Amino acid sequence: MHKRRVYSLCLRMLGNVAEAEDLTQEAFLQLYRKIGTFRGDSAFSTWLHRLAVNVVLMHLRRKGLPQVSLEETLEPSQDDGPRKDIGARDLTLSGSIDRVTLERAIENLPPGYRLVFVLHDVEGYEHNEIAEMLDCSIGNSKSQLHKARMKLRDLLRTGQRKEQIA
Amino acid sequence: MIVLRAPEKTMTCAEFQEKLPELFESQAGLDGHDHLKSCENCAALVRDLEYIASQARLLLPIHDPGPAVWENIQQAIRQEPGPAVPGPRK
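Residue numbers (the working numbering), protein chains in the order written: chain R, 582 to 747; chain B, 126 to 215.
No lab work stands behind these hints: they were computed from the structure. One or more of the hints may lead you astray.
Now the stretches of chain B that chain R is said to cover, found in silico as 3 or more residues with beta-carbon under 8 Å [stated by the list, open to error]:
hint, segment
1, 141 to 149
2, 164 to 178
3, 181 to 191
4, 196 to 202
For clarity, every value in this text was computed on a predicted model and none was experimentally measured. Beta carbons are placed, not taken as given, at the ideal position from N, Cα and C, and that holds for glycine.
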């Protein structure tokens with residue numbers, strides 16, 4: 582169902598229910614205004630999906646969030662750099678993460694990481710498409726994605742540790 | 126004739142992780158990578174990152190907006206002058 586797909590995309594990209602609802606509304610309004618420009622070169626769902634991504638990105642640009650986040654995350658911090666103690670043998674993720682836990686961890690990603698992760702790993706866009714959407718280099722997109730996955734791993738492992746202690 | 130080769134330099138964890146984003150993009154680069162054969166920590170890291178990516182691909186669009194959203198969309202559309210329809214193709 583298109584409504585659900587557009588809203589899920591907005592929610593995952595933004596991590597905020599109110600904003601996601603507003604932008605879902607905006608996306609469907611844009612759809613109504615632009616439906617005449619749909620030429621059938623791609624599937625309708627692909628076209629609508631891209632339209633919704635653009636609506637979210639426009640919104641983020643207006644807020645100035647993505648630029649800040651992307652720049653911030655380009656600077657390697659202690660959290661992001663290579664680590665020597667990773668991968669403790671008693672705590673691997675494989676087979677232990679359910680959908681709800683993963684969704685929550687994605688919500689907690691910094692906005693710049695979340696954007697690239699959702700676009701690539703969840704929505705299936707290629708790095709060249711993401712680079713074009715976010716106006717960054719392909720290398721930047723790859724590096725952001727890697728950092729996002731690393732951060733998610735940290736978040737998921739921290740959650741597991743808390744569960745074990747409780 | 127016996128050719129003597131200098132022993133290959135072993136990659137450190139930091140060096141391996143530095144190259145990890147590239148290696149992920151070319152899956153062939155990770156399969157059977159020498160460092161992974163000898164380093165359980167990095168092998169666990171790679172397994173986890175692959176697992177996260179594979180689980181993300183399985184996430185479905187399951188979120189529903191509140192009922193007011195659809196009502197607002199319908200109301201906003203009613204106030205619109207009408208969709209832009211291109212003229213007939215020549």
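Right, here's what the structure says about each hint:
no. : hint       : in the structure
1   : 141 to 149 : holds (count 6)
2   : 164 to 178 : holds (count 12)
3   : 181 to 191 : holds (count 11)
4   : 196 to 202 : holds (count 4)
Hint violations for this structure: none, all hints satisfied.
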